[in-house]
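**Q** Spelled out from the first residue to the last, the chains are:
2 protein chains.
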Amino acid sequence: MQQKFGLIVRDRRLKRGLSQERLADIAGLHRTYVSLLERGLRTPSLYVIAKLAEALETTITDLVYELPGGGSVGPQEKNVPGSRRRPSR
Amino acid sequence: MQQKFGLIVRDRRLKRGLSQERLADIAGLHRTYVSLLERGLRTPSLYVIAKLAEALETTITDLVYELPGGGSVGPQEKNVPGSRRRPSR
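These protein sequence lines map, in sequence, to chains A and B.
Those letters in the first sequence? Residues 2 to 90, by our numbering.
Those letters in the second sequence? Residues 2 to 90, by our numbering.
Calculated directly from the structure, the hints in this document are not laboratory data.
Do not take every clue at face value.
Unchecked claim - Here are the simulated DSSO-like cross-link-like pairs (lysine-lysine), alpha carbons at most 30 Å apart as the crow flies: (1) A:52 to B:52; (2) B:16 to B:5; (3) A:16 to B:16; (4) A:52 to A:5; (5) B:52 to B:5; (6) A:5 to A:16; (7) A:5 to B:5; (8) A:52 to A:16; (9) B:16 to B:52; (10) B:52 to A:5.
Unchecked claim - Residues from chain A shown here face chain B by an in silico Cβ test under 8 Å; the list is partial: (11) 31; (12) 39; (13) 41; (14) 44; (15) 48; (16) 50; (17) 66; (18) 71.
Glycine included, every Cβ here is placed at the ideal spot set by N, Cα and C.
The task is simple: from the sequences and hints, build the whole structure.
**A** Given below as C-alpha cells:
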C-alpha cells in the first residue's frame, strides 16, 4: 500500500511541476524523506499525509482513495450490505 | 486533526456496536492504542488507518474526508483554480 501511496504522491507532484526538493520545502519535510515516501520505503503518518495534501493543493482524500480499501465506493454507497464483508472470528 | 480523527473512529465504532477491545482485536491493534487514538493522543500511520477502515468495514476515505483538508470537495471538483491557493515562498 505504501508503494501505491508513493506513486500517487509522485504523480500529483509531477502534475504540478514540482521537484522533490520543492515539495519537501513547501510541506516542511526533508527531501530525503519525500524521496523515501515516493519509493514506498516509508509509511506516512496522517500528519504527513495532510501536509503533503496541502502542499500539493489537493485533499487528503485525493491522496488515499486510489489505495486498496481507499474508497472507490463513494460515501453515499459505502456499507452496502454484503459488500466488503469480513468474517467474524 | 488527530482529535477529529479519533472522534471519527469512535463514531464509526459505536455505530457498529463494537467495544474498543473488539475493534482492537479485529484490527490487530492493542486496546490501549485504540483508546489513545480515539482520544486524539496518537497520530495514526497510513497502515493503521487502513487496518481500522477494514475492521470497521468502511473505506480509508470515510475515515479522513471529514478532517480539515480531508476532502469535502469531491474528486471531480478539486483543484478549482483559485481555491485553496497557497502563496509561493
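**Q** Does each hint fit the structure? Answer for all of them.
**A** Hints, verified against the model:
no. : hint         : in the structure
1   : A:52 to B:52 : holds (22 Å)
2   : B:16 to B:5  : holds (17 Å)
3   : A:16 to B:16 : violated (39 Å)
4   : A:52 to A:5  : holds (18 Å)
5   : B:52 to B:5  : holds (18 Å)
6   : A:5 to A:16  : holds (17 Å)
7   : A:5 to B:5   : holds (26 Å)
8   : A:52 to A:16 : holds (17 Å)
9   : B:16 to B:52 : holds (17 Å)
10  : B:52 to A:5  : holds (16 Å)
11  : 31           : violated (17 Å)
12  : 39           : violated (14 Å)
13  : 41           : violated (11 Å)
14  : 44           : holds (5 Å)
15  : 48           : holds (5 Å)
16  : 50           : holds (6 Å)
17  : 66           : holds (5 Å)
18  : 71           : holds (5 Å)
Figure legend: structure checked against the earlier numbered hints; hints not met, in rising order: 3, 11, 12, 13.
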